Each structure stands twice: as structure tokens, then as C-alpha cells.
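With chain V fixed as given, assemble chains E, X and S onto it according to the hints.
There are 4 protein chains.
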Amino acid sequence: MKKEINIGLVGYKFMGKAHSHAYKDVASFFKLKAKPVMKAICGRDEKQVKKFGKDFGWESYETSWERLVKREDIDVIDICTPGNLHKVIALSAAKEGKDIICEKPLANSLAEAKEMLRAVKRAGVKNMVAFNYRRVPAVCLAKKLIEEGKLGKIYHFRAVYLQDWIVSPDFPLVWRLKRELAGSGAHGDINSHIIDLSHYLIGEITEVVGMQETFIKKRPLPKEATGLKAKSTKRMGKVTVDDTTLFLARFKSGAVGSFEASRLASGRKNYNYFEVNGSKGSLFFNLERLNELYFYSQEDAGDTQGFKNILVTEESHPYISAWWPPGHIIGWEHTFVHEIYDFLQSIARDKTAEPSFAEGVRCQEVLSAVERSARGKRWVAVG
Amino acid sequence: MKKEINIGLVGYKFMGKAHSHAYKDVASFFKLKAKPVMKAICGRDEKQVKKFGKDFGWESYETSWERLVKREDIDVIDICTPGNLHKVIALSAAKEGKDIICEKPLANSLAEAKEMLRAVKRAGVKNMVAFNYRRVPAVCLAKKLIEEGKLGKIYHFRAVYLQDWIVSPDFPLVWRLKRELAGSGAHGDINSHIIDLSHYLIGEITEVVGMQETFIKKRPLPKEATGLKAKSTKRMGKVTVDDTTLFLARFKSGAVGSFEASRLASGRKNYNYFEVNGSKGSLFFNLERLNELYFYSQEDAGDTQGFKNILVTEESHPYISAWWPPGHIIGWEHTFVHEIYDFLQSIARDKTAEPSFAEGVRCQEVLSAVERSARGKRWVAVG
Amino acid sequence: MKKEINIGLVGYKFMGKAHSHAYKDVASFFKLKAKPVMKAICGRDEKQVKKFGKDFGWESYETSWERLVKREDIDVIDICTPGNLHKVIALSAAKEGKDIICEKPLANSLAEAKEMLRAVKRAGVKNMVAFNYRRVPAVCLAKKLIEEGKLGKIYHFRAVYLQDWIVSPDFPLVWRLKRELAGSGAHGDINSHIIDLSHYLIGEITEVVGMQETFIKKRPLPKEATGLKAKSTKRMGKVTVDDTTLFLARFKSGAVGSFEASRLASGRKNYNYFEVNGSKGSLFFNLERLNELYFYSQEDAGDTQGFKNILVTEESHPYISAWWPPGHIIGWEHTFVHEIYDFLQSIARDKTAEPSFAEGVRCQEVLSAVERSARGKRWVAVG
Amino acid sequence: MKKEINIGLVGYKFMGKAHSHAYKDVASFFKLKAKPVMKAICGRDEKQVKKFGKDFGWESYETSWERLVKREDIDVIDICTPGNLHKVIALSAAKEGKDIICEKPLANSLAEAKEMLRAVKRAGVKNMVAFNYRRVPAVCLAKKLIEEGKLGKIYHFRAVYLQDWIVSPDFPLVWRLKRELAGSGAHGDINSHIIDLSHYLIGEITEVVGMQETFIKKRPLPKEATGLKAKSTKRMGKVTVDDTTLFLARFKSGAVGSFEASRLASGRKNYNYFEVNGSKGSLFFNLERLNELYFYSQEDAGDTQGFKNILVTEESHPYISAWWPPGHIIGWEHTFVHEIYDFLQSIARDKTAEPSFAEGVRCQEVLSAVERSARGKRWVAVG
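Chains as they are written, first to last, in my numbering: chain V, 1 to 383; chain E, 1 to 383; chain X, 1 to 383; chain S, 1 to 383.
Please note that the accuracy of each hint is not assured.
[What the hints assert, rightly or not] When the alpha-carbon atoms are kept at most 27 Å apart in a straight line, the in silico DSSO-like pairs for lysine-lysine are as follows: (1) E/31 with X/51; (2) S/217 with S/178; (3) S/144 with X/280; (4) X/35 with E/50.
Keep in mind that the hints were calculated from the coordinates and are not lab data.
The structure presented is a predicted model; accordingly, all values stated were derived computationally and were not measured.
This is chain V alone, in the form it adopts within the complex (with noise of 0.2 Å):
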């Protein structure tokens, strides 16, 4: 086996940076069988690109990302650009035998995203979607208690995720803001993530109904859109995505579900909160606290029941050994550090990664349900 595995990298804002972060320090902590090496960063901008690729330790850069995924020298694409480009690089990624893992969520269109699916399959391509909240340590523990019985039969999962980031009117028309480039708003963006763990931690959901709005229709255009940071000219442009989107769901295990994400409301900055209630406990989390998981338990003592607070930062917890001892802890990069370690395991490992372009697929369906449910005013069946 290979002790190395060469990484090409495309895109170097919001989420390059976060990947970027997670390979130059993922074998510091985590005991890898094969050690990623930053070969290429790739971007348009080549004096950007070529900046961002100094300050992280890539080894080389690119302003193509077609030269790139035809590099003999790199073994994994990671394709954290706009959505609107994760098809293309997929395919061109898949069809050169490279490993691929891609920001979320995985396509514009659920068309799209099977397309995708199908190209790493026929492949054979390692494959994974970059759902980052799945290797939160807080979640992971979610998980173990819901799948060593300790929440009992589940009745209801809700979330929401809530941010204010555009609740300016005079926050510019970024690239978030436009369909063709994002696919859709609050929606693909952040439901996603939401959407996602629920297929963790519940399982498949089979039917929807939804609704989206657009309250500010028209902003400011840009002069220059970084991230999420942008300033703005005086000439306006039409916002194409939802500023917000909210929908029930029925789970195949029977249970409710209700989901809303929002980028309009004041004060929660990366507030992704979900809850889960079963006929033995409960539990819930918020990202903003990403390092505590409440958890309620009906088999405690009758008078000390109660909403407990674990501090999910021992020895014992999910990922934590690498890290830091009880109390210190960690940020919301390190997901991404996970991620990384995970995905490098399972190419070093040659197992499949979780969750896979299969699972974003599921995540695809579920959104299109959802946006189809929203225009047509009716529930829609899953899938």
C-alpha cells in the first residue's frame, strides 16, 4: 500500500481554506496508515491562488482545474467550488480513476448529483460528500445512543439551522444568492447539512412538504465576492434562491420530522440545532456549543431526571483522544480534520467512505422533493 496520497484541491475560499487547514494538520494528530501530501491548489485567480497556496504549504498550484484532475501525481480531487461546478470536475475527476470528495451539497440538481453518483461508480473511485456536522464529536455521540437503544423508538426529529448573514439588505448578490451558481439558497446551503444528519441519525425519509420565500428580492450587486465577505456597488440584481425554506417530513421508521433553515434570522449566526425525542430520552445540539450534547434520559433515578449537559471533550469521546484533554476544546475546523482523516482512512483502507456520493444523492432527493413540494403546495413522495 502507499504510504502517501496526493491531494489536488480546488478552490482556496470559505471551505478551501477549512480543507486546506484539516491536510496540513491531520497527521499531526491522527494516526494515518498513508499521510496526505498538499500537491496542488487550484483556483483562477493565480496571484490569490498562488498566495493561498504559500500560506497553507501546497506544493504547486493550478489555475485549471481540467490540468489538474489530469496531474499524474495526484491521487484525490477535492472540489470545494460553487456548486455549479461540482458536476464537471467530478466527472473529469472520475474518468481519470481520481478519489473525489466533494463539498455538499453534492450538486445543483438532484440530476446532477445522480450523474455524479454514477460517474464514481462506474469508476470505482472513492467517493465521499463532505458532510462535516457527521464528525462532530457531539454527533457521533448522538449517534451511539440512538443506535444503542438509549432514546427507545423515535417519535420526532426536528432541526433548524439559522443564520443572519444576509439579513442586510445591503449584503451584496454573492454567488450564494444566485441559482445558476448555487442552486438554491438557505436551502441546498444549509437544509442540507440538516437534511443529512437526520439520514444519520434517523434514516430515510420518505415523503415531504415544504415551503420557500425570498423576502429581499433584489440587492446590491457586487464589486468583489469573497465568501462571505463582499462589498457592494450601487447597481441592484434579483436574488434567484430562497432566503429561507421550511418543511415536515415522515421518516420510513415512522417517525415526524421538521426542518427549516433560514438566513434571516437575527442573531443566530451557525445555529444548527436539532433534536431528537423517543420513547426513552431525548437529546439535542447546537453547533454554536459544538462540543456539548444534551442528553435526557426516562431510565434515570424518578427525581434526578433531567436535560444533561456532556461536555463531549473526554478520552472516550469520538475523535477526542487525538486532541486535547477533558475541557479544552475543540473549534469548528476540526469536523473538517475528521473528515479528512476518515476519507484518508478509507482510501488507505480501501473501504467505502461515509458518507458516500450515494448518501449525497439521498440528501439531493430529498431537497428536490422539498422545492417540488414547495411549488406545487402538496406533500411529494421521496426518491
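Coordinates of chains E, X and S only, in the frame set by chain V:
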């Protein structure tokens, strides 16, 4: 104007006790134009109602509500019975010219509620539906902040009302679990509260889409059912109401809403939670900490924005000057004292009580629309 | 045994109101062996005391406590005056054979407190010092958990009692800020509460070292001082009590303790917080959320240890079965109902009331030792 | 000016790992005038130090610190050893003209600390003591708010630093529990942190009174002691440091303070909590939620005062612009990146680093005064 208002109360269990306490205490803490006189308590079980009457200081008791409503020494009929009796008592009371306060939801069906509204209008009597959570000081403060424009344009209202008192399958089939007595389950009992709060805080709901579920379909018949406490027999009976009801909504104002009621949410005891997000700020509230309101303002200085935990126990806060110094919290029962205070004042001042039966009907229209939506699996216009 | 206990209460401001409410409500919610009869309320201002008596249902009023204690129709004297009157009233009442409940701290000095204890012992009357926070259900649960050994060997007790009602230098010089009336400031008023709680939960304190500070040394004289509300004049007077007192302590059990009282802690309204750490677990409590107890157990499964937020509103919790279903929280005033209930039961059952004047003296010994320690800048043995 | 700064680090366990990570990442996220080069890592166990060096990207390794400090290619000596080696390494490094960053507390005694200070002054080298919690963004914000006068005159500083990693009596006698290696226990290890924070936020401490306790006096000898993890043998040895140290303090400004450190506080993992109360406002902070600062202002509108939970992850907050968008929290390790960033910048800009060894001595003076106070059972002046 009369200096005293004579009360006749039907029901002496959970709600009867809460209302009795309110009549008993209100004049000690609040300055009233006309004080209540606890004339008569009414219930079917003579022994029990007699004892209850003695404990709470009722001057007399009745075992027939028909007799009570005809008593000439009674000015107000207070209805704390199961929902199936609301209409018939209210109609009789109205006919006799009594002012009426009635527990929520106003009736077991929209039709009944409308009939009750017509009756009180025809009779010209004061009427109030006992949505006591409008009288939580923190909720009143929320209303004030919204009205002052502190939240700007409202985008989101999201509320859950979660309890877990029937999560054990051994919990018996009490009256609240039978449609013919209770009208519905979690929906009418607790969704009604958050619907009413949404009306109070946000305004009219125009359309809804919902779902309902009864997870535990059979339960042991009760030996003796008293409020929330009950003993079981070994025979089983069918649960004919919902364990949970969820729905999405659009408000006339353009805001979107999400509602959920459940009695199977392990660990949530009386978790009436709502959150409002607007263009300038947000707020949230949780009944289990009813002395607190969380408020976020975009207008705070940039580096000190955050959700503020307002301990709503200052003399300047609604109702609080009647009670204790700052930080000396009030309890759930106090909301009834406030409600009765307001109702008595509306009688003494000859002003419309809020929320009136008209508000009760508005709530019932939403309850009904959600039920039709759940059956038809489609969006339904309200009203 | 008598079926009724006749009460005479001296004082009708903050504490007088809290006690009056308790007498008024206790028999409605609790089953008593002998019910209280609200015979007479006593205060110096006839107009005010008369009105108060009417509001709360006192049968008569007195403007002289000397007359009150001599009335033959009175069984219990309840002392809710400023501290400078505790001793003289208690001694007279004891002489008349009345049972006595007295507000805390028991006296303005240790010598006075001891004299009061001797008097009630000599007279053989029931006696209680009104440390109402022993009657918070969550505090009782804390006591139970400690007694059951759930915390193991206790290492730490740490408590603060923080308020901010005099943080404005314009707040006037009310009686609580004058040594001759109040005995001391934050120390006697609120340190006394957490000292008593430490006695209740941990046991005897053997030695202390403390410090005291009066940050705001002059304040405007009040026009009219009524409890915590007061209007100022322009003349200034000297504050003769502490704004804050802190001390460290050793318990007989070997545990170490930290105590702090302040009336200048901006934002802390009634923040009576204590924490106990033991070899097997910990717990903490905050009076501003008095329905909650936080409990950590080393005996929970390794990956689910955490502080549990117990909502102390279950029927199985102390005092709660008298009130409302789970999650329907009680308020600060309820602690007085519990206290009066226990006091009345101790009289009816002819048992020693807890905490008795002996406990009041124990607390006073600590208060006194801390004051001597602060003056002498050294450790002082208690008692 | 040099474009690179060559680092030599002594120690590769807990702190060595945290510092190594910081050197590895700092230049990826922060713009530095001179970048660090990870020249050499030093430790006694060749196999372990070699492996560690490889994992974190150190160019070389040494097994003798004496050799390291003499290497001409080293600019900075970073001391992450147990306290007993701080002085000797620092003195040698200063003699060689190296800039020095040293873990806290600066030394095992005040005398040693002073000697170190003289040495760096004499040598004219940059020096910093690694009190990393000054670099928590929320703590920096607290400092800013205090300096801006948002809290008014400061009355109270109260801090606890609570952990529970030695609460089991079976936990072995690691170096941190031996006076000859660690100098003291909880006192030097974690009280030092909150003392330094009090200096940073409030200013100089003038006198103290304290107490110390070792509850668990004997522990099993360790087979192999590595940082906080260790295996035990069956032989027992004597614990020669404190489990807990508490003290009261007076600040030069007039404020009063309370401090407590414990390693036996079940459930408190890394609970570094401080609260500041002033005439205009208050704030509090808890390291287990290090992205949050709570702030109360008397200047808010009367009915919306409350403790505000500021999520300190905005671009405008200290250090945050280098990291992620709002709500994407950072972890404990980031404080070291900030610290190393500031240290490197102070070297590159030839400015005094803060906190310098002078600050380290200030802290040591308080540590020493508390120890003398505990022995003598009296107040002791600091310095």
C-alpha cells in the same frame, strides 16, 4: 358601578384549581375596581366539590352547572370543564346574561366555537377565552418590543409546545385522550396556546399545511381519572386524538411560521417555546423559564451584539409591580391571577376583554384548517 | 389538639406581605393538621396596616406589637420587622407563651440571638427562624442527594448571594443601610441565607476569615422608605453597613468553603448561587431559576457524564405534589408557603421546628466571627 | 529585518504539542512580519521526541536542552517543561541571547522568577510568559469593555478555576503532584491563570488571605507518566502539593476579589470562570464556552436589561478575522496560535511582549503571598 363581582366556577380539577387560586389571591396583590366574590364552585362529585370549595374559600357549591348558571347571585360563569361541555354551558350562561370566561380551546369544534361567539354577542355579555400565556410578563414584554418595532419586519415565527406526560404506554386513557370529550389531543390542548400566541404577537394566519400522528394507539382504561393523575385498569381502549400535530403557516403580514405540539417529547415537561426573527432583531421564550425573555438587537454596538437574557421581574415589567422585588421570580399560577385581574377590570370598566371569544374562534379556525390539511394532505386556507 | 392556630404578624412590608400570602394560601394547597387563622396584623402606620390587613384578609389589626403579643386569642407571633426589634418582640412573645417564627437573621447581634434562644427554651415555645430557602424544592432535593451519598465525600461548598438594588449612588439610605436598624448590610441580610444553607447541606463551620467593604459611603436620606422602594431627599447620610462581605471557611467535616454577599453586583438581581463538589459528584443551584437543580454524577456511564438540569417540578419532588403538574413552575413566594406549612405542622404535631432559634444562633455565630475576622484581619474560630 | 524566526522548543507533551501546533498553523492564518521556522524540538526520550518532531514538522530534534540553547541557528527558546526546569533553561537561553517564551507559572518560586526576570533584562532579550487565556477573543473583548468604561468603577472580581482530573484517589502521583517538580498544585497550575487574568483586567493585587488543602494525601506511584494520562503501580507515594487553594484579595483600585482553584471539582473539566461587577455593568466568562462573553449594562433601556450572550466570533472581534465566519467557533488550541502570533510580532517589531516575565513575576508574587498567608493564617501584603 358594583363594588363586587360574584363568581361561579364550573370544574375543580387542574384548571378549576388554577382559577380558584387566582380569585383567592388577586385582590391581595392587585388594585381592582370591583373585587371578586367566590360565590359558588360547581362539580358533579358532591363530596369532592364540597371539600375543594372549603379548601379554596368558595361560599357555596353546586353539583349541577344548570343550577349554577341560573343563580341570580352569580355575575360571572367561569368554565373549566372538559371541552365537550364548553358550548352548552356558555350558551346557557349567555342566555342568563352572565359574563363568561372559558378555558381554551374555546370549543371542541369550529362550529361550536362560532355558536358560542354568536351567543355572547347576542347576549352582550363580557367574554374571554383563557389563553393565560398572554399574561406571562415576558410574553407581554415580547409583544411590546415587537410593537415598538424593535424586531423590525418579522420574517419568522417558530413555536413548539412539548410535553411528555403520556410517553409511557401504560399511562391510561384519560378524558384528554378521547375525541368526544377533548375534541383533539396535543393539537387543541397545546397547539392552541402557541397559535394564540402567534395571533397575539404576529397577527393573522392565512394558510396552513399540517400533519398529525397518534403513535400510541391503545392505552389501558383508567380506574379513576383526575386531571393528569390516573390509575389504570387492565382493559385497553382506543386513543382517538393526536399525540402530535405539526404544521407550517403563512401569516397575513408575510411572515412564515412553524408549529409543533407533542405529548411524547421525553424530558420536555411544559416546553412552550417560541422564537421570532425580524429584520432588526429576534426574541425567544420558554415557559419552563417563564420569568426570562431572550432578546437580540441588530442595533446594539457591533461587537456586543448577543441574545440578552432579560429577567422579567423588574417593577417596570408588566404585572410585576404587584408582586415582589427584582429577581424574586413568579410561577406558572401567576398567569391566571393576571388573567383574572384583566377580566375583572374589563367587566368593571365595561371594556372588551382580550382575548375574547372572537379570538377563540380565530384560534379554532386555525386548529380546524390544520386538521383538514392533515387529512387532505394539502395546504388549506384559514377561515 | 386544636384545629386552628391563631396568627399575629408584626410587619406588613416585604416580608410581612410574603408571610401573609403564605397564611392565606397554605390551607388551600396543603393538608394541615391545624389551619392558620389570620387573627391580627400589626404595624405602626394605622392607615397602611388597616388597608394591608383588608387586602390580605387579616381579621383585625394592631398598631402596637406590645398589645399584639398580649392578646389571648393569638397563638403564634410572626416577626417580620427590621432586625432591631426582633429581640424585644421575641422576648415578650415568649414570655406570653406564644410560639414564634422570626425573620432572618435572627437578631442584630450574636448576644441578642442567644438571649432570644434562651427565652424560647425557657418558655418552651415552638420557634423557627425564617430561612425560607431551605424550603425550595430544588434545595431539598440537593439535601437529599447529599444525604444519600450521591456526592460522596464533600470537598467544596461555594456560594455567592449577589444583588444590585443599591448599585446606584442615588439610591437612598433606607433602614437596611443603617447598622442600628439592620445590624449589618449584605452580610446579615443575604450572607445569612447562604451560611444557613451551608449548615443545612454541609454542616458546622469551624473557622472563618473574611473581609467587608462599603464602596458607597454616603447616600441621600430617604423621604419615605418602604421596603426596597424609596424616594430620596437632597440631604446625605452615612451608610453604616457593608455593601459586600466575603469570607473563606472550614467545615467540621473537612470541607472548605467560600462565601460572598454583595448588593453592588450589576445585573445580579437575586442571585443566590451555591455549588457543592464531592468525590462522587457535584450539584449547583441558582435562586433566579429556583425550579432547577444541576447535578453531576461520576457514577453515570463514562461517555454520558454531564451536569443534569433537573426541573424540580415532579410530583415526587419535595412539596410539589401540592401544586401543579410537571413543568408548571412555582415562584419565590411558594417557599414561604412551604415554610409556614412546616411551622404549622410542627406546632400541631408538637415537634421541633427546623431551623429553630438554635440554628439562628449558629448562623449568627458565623456572621459574628466573620465580622471579627474582618476587623482583626485574621482567622477566627466560630462559636 | 529578518524574514524568519527560528524556533527551538523544549518539551513535547501537553504544552509542547499546543505550542507546536501554533507554530505550524500561525502563518497560514495570520499575516506575520517574520514567519517562524520550526527548527528543533527537544526532549529527553529520543524515540518519542523524534516521532513527535516528525508528526509536527520540526526540522530536527535534540535530546539535551543545553545543546539546543547553544545552537546558533535558533532565535527563540520556547520552554514547555515542568516548572523545575524553567529557570535553568531560561538563564542559559538568555545568556545565549535567545528570545524566550516560557510556560506558566514562570517558575516554581518567586525567587526563581525574579532571577529569570533579571536574566532576560540583562540580556535584553524578548520574553513572554505563556498565559494563553489573555488571547481568548472573549477575554480580549472583556478587557476592551472594561477599558472603555462600560463597566464603570469595578467593585468585584471573582474567579474560580475548577477541574476534576485527579478526583479519583486511584489517579497516580504524576509530576504535577510533586512539589519538587511542579512547585505547587492547583495553585500554581490554575490559580496562576486567574491571577494573571485579574492583573490583565483589574490591575494590581495589594494583599491576600488564603487557604490550601490537600484532601487526597497519598496516591499510587505512576508506571509511566505522560502529561495528564498515566498508569499506576501498587506502591503509594505522598502528594506534596495542594489539591485546592482559595484566597480573598484587595486590588489597588479598591476592588475586592475572590479566587479559587481546585482539581477535585467533580464535573468541572476546565472551568475557568470569572465575573466582574462594576457600577455600570458586569461581565462573566467560562473557558468551557470560550467563544462566549456575557455582558450586562445598566445603560440599556430599563425594561430590556439583561446579561447578553455575545458569541465572540464576529470579524470585528479580536483575532477572529483570521479564522472563520460568524458562528464557526474556535477551540482552546487557537489561544496558542494567537499567543505565538503576538510573540512573533513583538520580536519582528522589536516591541515588548505582553505578558512579559515582569508580569510573570507579578503573578508569582501573588502565588507566594497566598502560600505565606495560608501557612501563617493571616493577611499578607503582595510584593
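Check the structure against each numbered hint from earlier and tell me which ones fail, lowest number first. 3
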